[in-house]
Amino acid sequence: EGHADERGTREYNLALGGRRANSAKDYLVSLGVDGSRLNTVSYGKERPVCLESNENCWAQNRRAVTVVVSGAAS
11 EGHADERGTR
21 EYNLALGGRR
31 ANSAKDYLVS
41 LGVDGSRLNT
51 VSYGKERPVC
61 LESNENCWAQ
71 NRRAVTVVVS
81 GAAS
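Position one of the sequence shown corresponds to residue 11 (the numbering used here), numbered consecutively onward.
Quick caveat, the hints were computed from the structure, so don't treat them as lab data.
Fair warning: there could be bad hints in the mix.
[Claimed, not checked] Distance windows between CB atoms, simulated:
#: 1; residue 1: SER80; residue 2: VAL39; range: 14 to 22 angstroms
#: 2; residue 1: SER63; residue 2: LEU41; range: 19 to 27 angstroms
#: 3; residue 1: SER33; residue 2: GLU56; range: 13 to 21 angstroms
#: 4; residue 1: GLY42; residue 2: ARG17; range: 33 to 41 angstroms
#: 5; residue 1: ARG20; residue 2: SER80; range: 29 to 37 angstroms
Just so you know, these numbers come straight off a predicted model, no measurement behind them.
Using N, Cα and C, we set each Cβ at its ideal position, and we do this for glycine too.
With these hints in hand, go ahead and build the complete structure from the sequences.
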């Protein structure tokens with residue numbers, strides 16, 4: 011998941027979140043994780059972890075999050 015702070019337009023932050031998510035994916039692939047097992051999504055500024063309007067909160071909201079989902083056994 012790629013996230014951004016509240017500053018900037020919705021479109022800009024969705025694109026920025028997408029770049030963050032793809033950077034995290036690229037890093038995991040560089041470590042040997044099969045890229046076909048990874049999905050990315052951008053939430054832009056839609057899912058903040060901090061709701062205040064200050065630099066500390068903005069820094070917390072600029073992030074990439076890795077979510078592990080266990081698949082069904084074959």
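How the hints compare with the structure:
1. Distance hint check: the CB atoms of SER80 and VAL39 are about 20 angstroms apart, consistent with the given range 14 to 22 angstroms.
2. Look at SER63 against LEU41: about 36 angstroms separates their beta carbons, and that is not inside 19 to 27 angstroms.
3. Under the hint 13 to 21 angstroms, the C-beta atoms of SER33 and GLU56, about 19 angstroms apart, fit the expected range.
4. At roughly 36 angstroms, the beta carbons of GLY42 and ARG17 sit within the given window of 33 to 41 angstroms.
5. One distance hint, 29 to 37 angstroms for the beta-carbon pair ARG20 and SER80, holds here, with the actual separation near 32 angstroms.
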